[in-house]
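The lines below spell out each chain.
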Amino acid sequence: MYALADCNNFYASCERVFDPKLEGRPLVVLSNNDGCVIARSQEAKAIGFKVGDPIFKFRDCVRKHDVIVRSSNFALYGDMSRRVMKIFSLFSPDVEVYSVDEAFIQLDGLRGRNFEKLMREMRETVLQWTGIPISIGIGSTKTLAKIANHYVKQKPVTCGVAAIPCNPEEMLKSVEVGDVWGIGRQWSKRLRIYGVKTAHDLLLLDPVFIKESFNIMAMKTVMELRGEKYFSFAQSPNRRKTLLRSSSFGSPVESWQELSEAIASHVTSASEKLRSENLVAKSLRVFFNTSAFSNRDSMHFASASVQLLPATNVTHAIIKEALRLAEPLYKAGYKYKRAGVYLQEFSNGPVKRSLFDSVKNQGRDDRMMALLDGLNKNMGKGTLHFASTGFTKVMEMEQLCRSPRYTTLWDEIPNVIA
Amino acid sequence: MAEEFRLPLVGGRVEAGFPSPADDFIDRSLDLNDELVVNSIATFFVRASGHSMDGAGIHDGDLLVVDRSVIPSNGSVVVAVVDGGHTVKRFLKRGTIVTLQPEPSVINEGHYSPIRIESETDARVWGVVTYAIHRLERVCMH
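Those sequence lines, one after another, are chains A and B.
Every letter in the first sequence is one number past the one before it in the numbering used here, and letter 355, counting from 1, is 1383.
Every letter in the second sequence is one number past the one before it in the numbering used here, and letter 124, counting from 1, is 1402.
Simulated from the structure, these hints should not be mistaken for laboratory data.
The structure displayed is predicted, hence computed values, not measured ones.
Glycine included, C-beta positions come from ideal geometry on N, C-alpha and C.
Where hints are given, some of them may not hold.
Example chain A residues on the side facing chain B (calculated, C-beta under 8 angstroms, incomplete) [what the hints assert, rightly or not]:
# : residue
1 : 1114
2 : 1271
3 : 1272
4 : 1431
5 : 1435
6 : 1437
7 : 1442
8 : 1446
Sample of chain A residues facing chain B (criterion: CB under 10 angstroms; computed from the structure) [said to hold, decoys possible]:
#  : residue
9  : 1045
10 : 1050
11 : 1060
12 : 1064
13 : 1153
14 : 1157
Required output: the full structure, derived from the provided sequences and hints.
Shown next, in the form of structure tokens:
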């Protein structure tokens, strides 16, 4: 048996733990440079805010509904996430952290106990110790645990925890096919043509038919809905296929120096992510552009891609390729508003050696990356970085309305009135 | 790279002859976290401002260690949420009646009034204060 536990409106909940004035009010959290909505409180969802909404388009709405707008406070969210995950691991030795706010929990082996009761206890503990409300779904497969979790969110009567019942028909009928883990919007459109509307309809399809008209992943999902384990622990249907790192500049960038620093910074962050997931990338795309709202003469959209040989996750190797791609595309005199990198075609690391690469050289890169990641993890992001990412940070995130980093900086800890 | 530079930590000077008998007793230095933080997952640090708890040994500017996993009992000092803000007070429970009691010094007596909690909407406990850390002197590193 598995449980899927996730935090309700995680970023909004973190903000509320330290600022109770935000309770019961619509709250949205913005992306890095205050561009788009990335998280919403329940009240903001009810008003109709969507993830990805550019906030400047909603100024009137913000004013009208008295919506509280916060810049993202990743130091806080990261620390609270660490605490929540630690509590999960007090309840089960096997926790697969799936994202910043959700984890699968292996329940088998925790013998002689009522899983639902145990998970209610876990939910209470997380709420008491951290102030974060969570939802937990329990099922015999990961896909079913996801379904139960989805059900919990729809039905307040569950009080945060639900298990897939012995006769799951009712529950499966209440879940739209597009909400089934790993199905997504594209497939759900195609499935609707076959009359498949709910998770229960999907379960009734012939697995061979599914495998032939969709793919093996879709077939595995169907089997999982039937209660047969196809996704083992630490193995999930939607493995990363692409990795995008981009941002818009606080103020427009004109010089090659600044533009190249921004690109190198994005490569740095993307390759760190690759290494943390033990992946190497074979394809790299670099892009940068002016504002889409500037007049035609001052518009410039640049984009180019290259195959990385061998596939790699080594920061300096990718920076070199990225800058080699970008430099000929750069045109002086344009006001660039955005830059980014896009990596794809992943395989599992480590970096394969090419025939001409000396063994000594390769080992050196791996050790260097391990040292770099270790230092940056222990001493703070960006402690050690490549000179090409620059010492003047033009990408300074705007972050005009970030809450204090209550749990990670002494100068910003909460104040209590005595 | 890492293993090439990793060195064992040895306390005494290396000399010919007998090694220092103290080397067998090398231990980690004392860490205040061990003493002040029982449950790190549920522990938060906050700063007190104001004088309503001077009598309880909590002064303006003190650092408080707050453990959210501790269940408050009668007489605990707690951080509570009142009117959308955090406040530190003495938690008093008589039967079903909970009061958040200020505890000022003699000079300020009568300046602060107790807060009766009748329902969750009035106020609720955020965490229990386990330590108050009071600075006596500001030290600068030279």
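**Request:** Quick one: which hint numbers does this structure break? Sort them smallest to largest.
**Result:** 2, 3, 4, 6, 11 and 12
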